[in-house]
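Asks: What follows is the residue order along each chain.
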Amino acid sequence: MRWVPVGLKAAVLAAAVALIVLIPQWAGEFRLGQFTYVGIYFVALLGLNILTGYNGQISLGHGAFMGIGAYAAAILILGRDGLSLAGTDPPGWLPEHGMRPIFVIPLAGLITGLIGYLFGLPALRLAGVSLALATFAVAVSLPLIAKHYETVTGGGGGVSLPLPTTPFGWDISTPHWLYYEAWTTAGILFVVAWLLVRGRVGRAWRAIRDGEVAAVSSGVSPAAYKTLAFAVSSAFAGVAGALFVIQVSYINPDTFPIGLSILLLASAVVGGLGSLSGVIFGALLLEFLPIYAQNPPVLDFSFSKQAPSVVFGVVLILIVLAAPGGVASLLRRGGRPVRLALARRGSGPSRLAKEE
Amino acid sequence: MLKRFWMLAVLASIAAVASLSASAMTHVESATPGVTKGQIVIGGTFPLSGVASLYAPIPRGMEAYFKYINARKGKDGKRGVGGRQIVWKYYDDTYNPATAVQLHNKLVLEDKVFAVVGTLGTEDNQAVRPFLNQRKVPHILVSTGASFWGLQYKQFPWTIGWQPDYIAEGRTYGDWIARNAPNAKIAVFLQNDDYGKDYLRGVKIGLGAKKNLIVSEQTYELSDASYASQLARQKASGADTWVLLTTPTPTVRAIATAKALNWKPSTIVINSVSAIDNVMAAAVQRAGADFVNGAISTSYLKSVTDPKYANDAVVKQYRTLLARYGPQGADANNQFYYYGFAKAYDTVRLLTAAGKNPTRASLMRATQNMNWVNPYTLKGIKVKTSKSDRFPISQIRLIRFTNPNWTEFGNLFKGR
Numbered sequence: 001m002r003w004v005p006v007g008l009k010a011a012v013l014a015a016a017v018a019l020i021v022l023i024p025q026w027a028g029e030f031r032l033g034q035f036t037y038v039g040i041y042f043v044a045l046l047g048l049n050i051l052t053g054y055n056g057q058i059s060l061g062h063g064a065f066m067g068i069g070a071y072a073a074a075i076l077i078l079g080r081d082g083l084s085l086a087g088t089d090p091p092g093w094l095p096e097h098g099m100r101p102i103f104v105i106p107l108a109g110l111i112t113g114l115i116g117y118l119f120g121l122p123a124l125r126l127a128g129v130s131l132a133l134a135t136f137a138v139a140v141s142l143p144l145i146a147k148h149y150e151t152v153t154g155g156g157g158g159v160s161l162p163l164p165t166t167p168f169g170w171d172i173s174t175p176h177w178l179y180y181e182a183w184t185t186a187g188i189l190f191v192v193a194w195l196l197v198r199g200r201v202g203r204a205w206r207a208i209r210d211g212e213v214a215a216v217s218s219g220v221s222p223a224a225y226k227t228l229a230f231a232v233s234s235a236f237a238g239v240a241g242a243l244f245v246i247q248v249s250y251i252n253p254d255t256f257p258i259g260l261s262i263l264l265l266a267s268a269v270v271g272g273l274g275s276l277s278g279v280i281f282g283a284l285l286l287e288f289l290p291i292y293a294q295n296p297p298v299l300d301f302s303f304s305k306q307a308p309s310v311v312f313g314v315v316l317i318l319i320v321l322a323a324p325g326g327v328a329s330l331l332r333r334g335g336r337p338v339r340l341a342l343a344r345r346g347s348g349p350s351r352l353a354k355e356e
Numbered sequence: 001m002l003k004r005f006w007m008l009a010v011l012a013s014i015a016a017v018a019s020l021s022a023s024a025m026t027h028v029e030s031a032t033p034g035v036t037k038g039q040i041v042i043g044g045t046f047p048l049s050g051v052a053s054l055y056a057p058i059p060r061g062m063e064a065y066f067k068y069i070n071a072r073k074g075k076d077g078k079r080g081v082g083g084r085q086i087v088w089k090y091y092d093d094t095y096n097p098a099t100a101v102q103l104h105n106k107l108v109l110e111d112k113v114f115a116v117v118g119t120l121g122t123e124d125n126q127a128v129r130p131f132l133n134q135r136k137v138p139h140i141l142v143s144t145g146a147s148f149w150g151l152q153y154k155q156f157p158w159t160i161g162w163q164p165d166y167i168a169e170g171r172t173y174g175d176w177i178a179r180n181a182p183n184a185k186i187a188v189f190l191q192n193d194d195y196g197k198d199y200l201r202g203v204k205i206g207l208g209a210k211k212n213l214i215v216s217e218q219t220y221e222l223s224d225a226s227y228a229s230q231l232a233r234q235k236a237s238g239a240d241t242w243v244l245l246t247t248p249t250p251t252v253r254a255i256a257t258a259k260a261l262n263w264k265p266s267t268i269v270i271n272s273v274s275a276i277d278n279v280m281a282a283a284v285q286r287a288g289a290d291f292v293n294g295a296i297s298t299s300y301l302k303s304v305t306d307p308k309y310a311n312d313a314v315v316k317q318y319r320t321l322l323a324r325y326g327p328q329g330a331d332a333n334n335q336f337y338y339y340g341f342a343k344a345y346d347t348v349r350l351l352t353a354a355g356k357n358p359t360r361a362s363l364m365r366a367t368q369n370m371n372w373v374n375p376y377t378l379k380g381i382k383v384k385t386s387k388s389d390r391f392p393i394s395q396i397r398l399i400r401f402t403n404p405n406w407t408e409f410g411n412l413f414k415g416r
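One line per chain: the protein sequences are A and B, in this order. In terms of this note's numbering, the first sequence opens at residue 1 and continues consecutively. In terms of this note's numbering, the second sequence opens at residue 1 and continues consecutively.
Just so you know, the hints here were simulated from the structure itself, not pulled from any lab data. One should not assume that every hint holds.
[What the hints assert, rightly or not] Partner residues are not named here, just some residues of chain A that face chain B (Cβ under 8 Å, in silico):
1) Phe30
2) Leu144
3) Ala266
[Stated by the list, open to error] Among chain B residues calculated to face chain A with C-beta under 10 Å, some are:
4) Val51
5) Tyr55
6) Thr94
7) Val108
8) Gln191
9) Asp331
[Said to hold, decoys possible] Taking CB as the label site, the calculated pair distances span:
10) A:Leu118 to B:Asn262: 42 to 48 Å
11) A:Leu118 to B:Leu222: 24 to 30 Å
12) A:Arg100 to B:Gln39: 55 to 61 Å
13) B:Asn371 to A:Asp89: 55 to 61 Å
These numbers were taken from a predicted model, which means no experiment stands behind them. From the three backbone atoms N, C-alpha and C, an ideal C-beta is built for every residue, glycine too.
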């Protein structure tokens, strides 16, 4: 294990929290909205990193699990009243009145987690590529399922949610509220993820990732732990989906396309698999790169306007080429010489030995 | 110690964020966003990539026309709109409403556009409409034929459509069948969503008392693997008139399926969204020219490939301007560039009508007082609105297919 002084870790964390709290002081409204999306993607990527980074399972359906969370949230926020106003003919078993968005977020996470658990029961008997294909099937079928059950989902035409407002009469602007809502959720879930991966459960997950046979011989049940990882990861995606739909105020099947699932996985890899802090880089990339690729200030060639997604893809490939282990590993690697020097000057070879 | 580099990374991102937001803050707001002495900034989002990228020429056609307006001297002797250069910002929403929402946030909050013009897609526009209306940002000439842009103006006064709506178009077909084939047996094949249902409502209004001519109504989902069972039932119904209220790809599939089932209705109606060159070419390829020749649709714009317009002054000017101001290698035979020109023409008229010192409110007033001829539309069509009529183009003409062209016939039909 790498050796990290607890004090420093706390200091970095404190700096990160301070930064997150301070961003609204500087950022204009649009930029603030972008950082809200970063928080939302951060939550989704945390979940995906638990599954892929810590448990070694590839999911090509995480965008769809976000979609499930988003639909759950949208339906709970609207209730039967809201849905009939939106022009659908909602079934009687739905609650009559909508709920406050803030209470819907954890519920959406629970519902998506449960669905993820049920999906994981049979699917996780599959391994590697087969599992990736099974999750891909979820990503492919979610839009069709949403179109089919149009009385609940609004079908292809989708449903609009009321524009978000600050709840409880709090005296902050709505964009600020949405930002704090997303990042408070992200903070809580970061702690949850950290507690999970550092403890017994995380050890079991990593053991399965690194060698399933060895894990079994140590008394770890792969099926149980893999299903748990899938459920936790889906719950995170569901929470992210709920935050997303609150921010966008509209949902239809096209909002969660297959491309989103693939981008999520790519961003998780870019951030660094198996590193919780690396997730932030994936989230920043996922939000800023597509917008940047629309209108690159540096690469101002007319081609970029023809195909923003091509620009996006090229930048993604460059990042992965430069940092095969993700941004997190790049920083780790790039910092090594300085780290060694510091260690030498600081507390002598004994510490260095410990670190390596 | 390695965590020190995390700290560095965090500090670096602080610096990046600070510089980004600093640039955002130095922007001084003028009285009317997007309007300065020399510029008027407008924007919209379109699917430049992805499933709906066939529409990508539309904003580029608009861009070419705006460049032309910026370069030429108008009647007042000034370039652009009253001396203001049009700045046209358009982004790729990939036909994803969530992306459209974020990009409209960018257009309004960061690019500070004066108005949103021409954003494409019914769902994308539905998704951005509440935000734009809340901020009182004009959301005009949207590129979709849903009827509610013109109908829901009380709830969303900052939104207005442009092209004839699906109900109006459906009425045209119904009216034509009732008058010309009063004994027809009609089979309607429609997409099972608002789009198909809007059209069907229009067809029934047009048929009026002859509504019972419809002997078969079948729907499909975009996810359907095959239309064989629906179309076999339509064939069995003995229908001789087949009304397709479908989107482009399903249109080709439906025609190929009918051909495979050996069902040849004597009259085929193809809604205008699907009656485009590449759909028709694919249909001819799959089912043969004999099958699709004689198909009926509607149009409100001159067809750039129609030999009738080969020497038309407006179409000729369009070809010259697109070659000069359009993207390199733009195919002038692609009707979507022409659509972009037609829309840009009305945009410029509206910006001019909004007055010497345009405000968002004066632009919206102008959208309620449109009354002119758009030279890109068919002869006789008037772009006309009022306080209670929010459908800028509502006249349509029937067209008939003879591979590879559509030819106009009959009189103009008033859809609204």
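Asks: Hints first: check each against the structure and report whether it holds.
Replies: Evaluated hints:
Below 8 Å, beta-carbon pairs count as interface contacts, and Phe30 of chain A has one with chain B at about 4 Å; its hint therefore holds. Interface hint at Leu144 of chain A: satisfied, since its Cβ lies 4 Å from the closest Cβ of chain B, which is below the 8 Å cut-off. Among the interface hints, the one on Ala266 of chain A is violated; its C-beta lies about 16 Å from the nearest C-beta in chain B, farther than the 8 Å criterion. Against a cut-off of 10 Å between C-beta atoms, the interface hint on Val51 of chain B holds, since the closest Cβ of chain A lies about 9 Å away.
A distance limit of 10 Å between C-beta atoms decides the matter here; for Tyr55 of chain B the minimum to chain A is near 14 Å, and the interface restraint is violated. Satisfaction of the interface hint for Thr94 of chain B is found here, the shortest Cβ-Cβ separation to chain A being roughly 7 Å, below the 10 Å cut-off. Hint status for Val108 of chain B: holds, given a least beta-carbon distance of 8 Å to chain A, under 10 Å. A cut of 10 Å between beta carbons decides the hint on Gln191 of chain B: the least distance to chain A is about 8 Å, and the hint holds.
Because the smallest distance between the Cβ of Asp331 of chain B and any Cβ of chain A comes to about 14 Å, over 10 Å, the interface hint for this residue is violated. Look at Leu118 of chain A against Asn262 of chain B: about 46 Å separates their beta carbons, and that is inside 42 to 48 Å. Checked against the hint of 24 to 30 Å, the C-beta distance between Leu118 of chain A and Leu222 of chain B comes to roughly 27 Å, which is consistent with it. In this structure the supplied range 55 to 61 Å is violated for Arg100 of chain A paired with Gln39 of chain B, their Cβ-Cβ distance being about 43 Å.
A hinted range of 55 to 61 Å for the beta carbons of Asn371 of chain B and Asp89 of chain A is inconsistent with their spacing of about 40 Å.
In summary, the structure is inconsistent with hints 3, 5, 9, 12 and 13 from the numbered list given earlier, while agreeing with the others.
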